[in-house]
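Can you make the complete structure from the sequences, with help from the hints?
Chains as they are written, first to last, in the numbering used here: chain A, 1 to 137; chain B, 138 to 620.
Just so you know, these hints were derived from the structure itself, not from any lab. Treat the hints with care, since some could be wrong.
[Stated by the list, open to error] Computed cross-link-like contacts, SDA-like style, restricted to lysine to any residue with a CA-CA straight-line distance of at most 25 Å:
1) Lys98/A x Glu352/B
2) Lys98/A x Ala86/A
3) Lys167/B x Glu144/B
4) Lys98/A x Phe559/B
5) Lys98/A x Ala606/B
6) Lys98/A x Thr142/B
[Stated by the list, open to error] Facing chain A, a subset of chain B residues (Cβ under 7 Å, in silico):
7) Leu150
8) Leu323
9) Thr324
10) Pro558
11) Phe559
12) Ser590
13) Leu597
14) Trp602
15) Trp605
16) Ala606
17) Ala608
It should be emphasised that the depicted structure is a prediction, and the values quoted were computed from it without experimental measurement. Every residue, glycine too, gets a C-beta built ideally from N, C-alpha and C.
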Amino acid sequence: MLDLIREIEMELEDGWEAASRVELQTAEHTRRAVARFARALWITAALLLVLNSARLVTWTNGFGVGPVQDTVVALSAAWNEQMGRAGLGDPSEAAREKLDTWRMMRWSDVEIRLDDERQRAREGARLLRGMLGEETG
Amino acid sequence: MLFPTIEFGIFFLIVFTVSWAVRWTPHWRKLVLLAASYFFYGWWDWRFMGLLLVSTLINYFAGLALARTERPVLRKLVVTLAVTGGLAILGFFKYYGFFLTSLSALLEMAGLERDLPFMQVILPVGISFFTFQGISYVVDVYRGHVRPERSLANVMLYISFFPQLVAGPIVRAADFLPQLHRAPVLTRAHVGVGTVLVLSGLAKKMLIANYLATELVDPVFFDPTAVGALDLLIGVYGYAIQIYCDFSGYSDIAIGVAALLGYRFLENFNQPYRAASLQDFWRRWHISLSTWLRDYLYKPLGGNRRGEAKTYRNLFLTMFLGGIWHGAAWTFVFWGAFHGAMLAVERHARRKLDEFAPPNSDPVGIASAVGHGAQHIVGIFWTFHLVCFAWIFFRADSFTTAGSYLAGFARWSDPNQYATPFLVGLIALAMVFQFTPRDLGRWVAQGLQWLPSPVLGLILGGGVWLIWAVAPEGVAPFIYFQF
Chain A
1 MLDLIREIEM ELEDGWEAAS RVELQTAEHT RRAVARFARA LWITAALLLV LNSARLVTWT
61 NGFGVGPVQD TVVALSAAWN EQMGRAGLGD PSEAAREKLD TWRMMRWSDV EIRLDDERQR
121 AREGARLLRG MLGEETG
Chain B
138 MLFPTIEFGI FFLIVFTVSW AVRWTPHWRK LVLLAASYFF YGWWDWRFMG LLLVSTLINY
198 FAGLALARTE RPVLRKLVVT LAVTGGLAIL GFFKYYGFFL TSLSALLEMA GLERDLPFMQ
258 VILPVGISFF TFQGISYVVD VYRGHVRPER SLANVMLYIS FFPQLVAGPI VRAADFLPQL
318 HRAPVLTRAH VGVGTVLVLS GLAKKMLIAN YLATELVDPV FFDPTAVGAL DLLIGVYGYA
378 IQIYCDFSGY SDIAIGVAAL LGYRFLENFN QPYRAASLQD FWRRWHISLS TWLRDYLYKP
438 LGGNRRGEAK TYRNLFLTMF LGGIWHGAAW TFVFWGAFHG AMLAVERHAR RKLDEFAPPN
498 SDPVGIASAV GHGAQHIVGI FWTFHLVCFA WIFFRADSFT TAGSYLAGFA RWSDPNQYAT
558 PFLVGLIALA MVFQFTPRDL GRWVAQGLQW LPSPVLGLIL GGGVWLIWAV APEGVAPFIY
618 FQF
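Structure representation (structure tokens):
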């Protein structure tokens with residue numbers, strides 16, 4: 001019996017020697033950081049699955065032909081359709097349209113926009129001056 | 138498997154989860170990462186997994202042999218055999234076709250046409266990178282900078298670790314192997330840095346590099362005779378930014394992914410276009426290759442210790458061989474030789490200037506500070522344009538195309554087609570980031586590291602979603618995969 005206790009004590013002592021407090025703290029920090037980033041990764045995956053379902057369809061369409069592949073393609077198409085109905089594909093399209101507007105822009109468009117901005121600034125200044133004038137007058 | 142794809146996303150999710158789940162048994166963790174790395178490499182062409190293994194075994198056994206012998210002659214023989222073996226594999230796969238084509242052309246010129254044994258040799262992806270890592274290991278063991286590794290799994294993982302396997306950064310054994318002997322650690326800082334680097338790398342590659350490639354650089358370089366001087370100028374600026382964003386984007390993602398798996402790689406780019414001299418440029422561009430060339434080529438050649446003439450020769454030879462490393466074509470040879478020659482000229486000019494006006498002889502004052510500032514700005518402008526000139530040869534498929542490109546700079550009256558506000562804006566944006574504070578990324582990472590996981594997930598997911606939403610269709614391979 002005493003031998004058994006001695007063995008347990010030795011195991012505990014060895015254990016404490018093998019893992020210092022700093023090492024245990026580091027291991028705990030690592031566990032927390034891994035769990036935290038794993039959660040972030042799953043949220044990322046879910047977000048992409050919801051907002052970027054069109055890309056999922058493009059990706060699955062690249063699979064070969066076979067019963068499993070056909071099922072995956074059909075599932076992804078159905079998922080994309082559902083997301084489209086719920087309007088979750090709209091932000092992607094809006095972002096794409098905005099970028100396409102910038103891509104198609106010419107220097108003349110930039111000049112027109114700058115002129116508009118200048119005009120707006122001038123009108124703003126005039127309005128402000130008018131208001132100030134009314135207050136002081 | 139390219140980084141900005143769904144395949145890689147799923148692959149990383151699995152590797153991250155499994156590798157951290159088995160972290161209590163480091164040996165299993167290494168095996169998981171090793172299997173993942175070979176799977177990643179086999180995704181391109183499974184047949185080349187054997188080549189990767191052979192290259193690794195050569196270096197592993199050379200390391201063991203070096204551990205067992207003290208005799209200098211034998212040690213030199215072992216290191217020579219291992220380096221020659223690695224270079225022979227690289228030489229065959231990368232330069233066989235180039236060598237025979239050049240030889241055939243030479244014989245034809247001399248009127249001695251022969252039937253040469255031409256073969257279609259496929260270039261294994263990443264061969265230049267893993268060969269250089271293998272050489273780094275053997276030479277470091279030989280020099281005593283690294284202990285010979287007894288574990289085959291460690292050497293295999295060092296050479297094949299998937300974030301850096303196909304396009305670098307070239308990781309040194311002295312930096313990586315000690316990390317394999319420690320318990321894997323993931324901190325909040327790792328998570329912050331990893332997230333920032335993955336997002337910035339994706340944005341650089343998917344947005345800036347891909348748009349510049351498809352809408353500016355490819356059409357301009359396809360037929361430089363069809364466009365005017367302004368388009369050619371914007372085209373070469375565009376290529377300078379494209380190659381930077383493409384390659385540094387890859388490096389960012391690689392370093393970020395490694396950080397999220399608990400490993401630290403050194404930085405590979407440090408705002409290279411803010412360099413005020415070519416020497417400075419090479420301290421900032423593809424740092425892992427330039428330091429590799431410095432330590433394993435320039436210094437063994439004698440470095441700057443054997444007089445000025447030999448220093449110039451060593452600089453030239455190092456850059457010349459660096460040019461050949463990039464690709465089996467005479468345009469790459471010219472690119473390397475040009476950089477080597479210009480580095481030698483720059484060094485000589487600086488020496489003469491220092492003799493004429495020693496650096497510490499200037500009086501301290503406003504005029505002196507303004508003078509130094511102006512000199513620095515001129516240096517940045519001059520260096521950027523020298524680098525751009527060399528990029529023309531790097532990008533052009535032949536000397537004829539490069540010649541047409543340069544000749545086109547006389548056509549200033551031709552109307553421009555490609556200098557649109559969008560493309561000019563992309564170039565300007567990338568240039569602005571060359572001059573932002575160096576620690577900008579670190580500050581952002583420090584901000585991210587304390588965010589709760591749902592917010593971090595929304596930022597990461599939102600960032601990837603936005604990049605994918607606005608990026609051009611399809612995923613273009615990274616430029617450095619061909620090297």
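Hint by hint, here is what the structure shows:
1. As the CA atoms of Lys98/A and Glu352/B are separated by approximately 17 Å, the hinted pair is consistent with the 25 Å bound.
2. Taking the CA atoms of Lys98/A and Ala86/A, the gap is about 21 Å. The hint holds against a cut of 25 Å.
3. Restraint check for Lys167/B and Glu144/B: satisfied, since their Cα atoms lie roughly 22 Å apart, inside the 25 Å limit.
4. Taking the CA atoms of Lys98/A and Phe559/B, the gap is about 12 Å. The hint holds against a cut of 25 Å.
5. Restraint check: the Cα-Cα separation between Lys98/A and Ala606/B comes to about 11 Å, which is no more than 25 Å; the hinted pair holds.
6. Note on Lys98/A and Thr142/B: the hinted pairing holds, with a Cα-Cα distance of about 23 Å set against a maximum of 25 Å.
7. A hinted interface residue such as Leu150/B counts as satisfied when its beta carbon comes closer than 7 Å to some beta carbon of chain A; here the least separation is about 6 Å, so the hint holds.
8. Because the smallest distance between the Cβ of Leu323/B and any Cβ of chain A comes to about 4 Å, under 7 Å, the interface hint for this residue holds.
9. The criterion of a C-beta within 7 Å of any C-beta in chain A is met by Thr324/B, whose closest approach is roughly 6 Å, and the hint holds.
10. Taken as an interface hint, Pro558/B checks out: its beta carbon lies about 5 Å from the nearest beta carbon of chain A, inside 7 Å.
11. Hint status for Phe559/B relative to chain A: holds, with the closest Cβ pair at about 5 Å, below 7 Å.
12. Interface restraint check: Ser590/B against chain A, minimum CB-CB distance 4 Å, threshold 7 Å, status holds.
13. At a threshold of 7 Å, the smallest CB-CB gap from Leu597/B to chain A is about 5 Å, leaving the interface hint in force.
14. About 5 Å separates the beta-carbon of Trp602/B from the nearest beta-carbon of chain A, less than 7 Å, and the hint is met.
15. Given the 7 Å rule on beta carbons, the hint for Trp605/B holds: about 6 Å separates it from the nearest Cβ of chain A.
16. Hint status for Ala606/B relative to chain A: holds, with the closest Cβ pair at about 4 Å, below 7 Å.
17. Look at Ala608/B: its Cβ only gets to about 9 Å from chain A, farther than 7 Å, so that hint breaks.
Hint 17 from the earlier list is the only one contradicted by this structure; the remaining hints agree with it.
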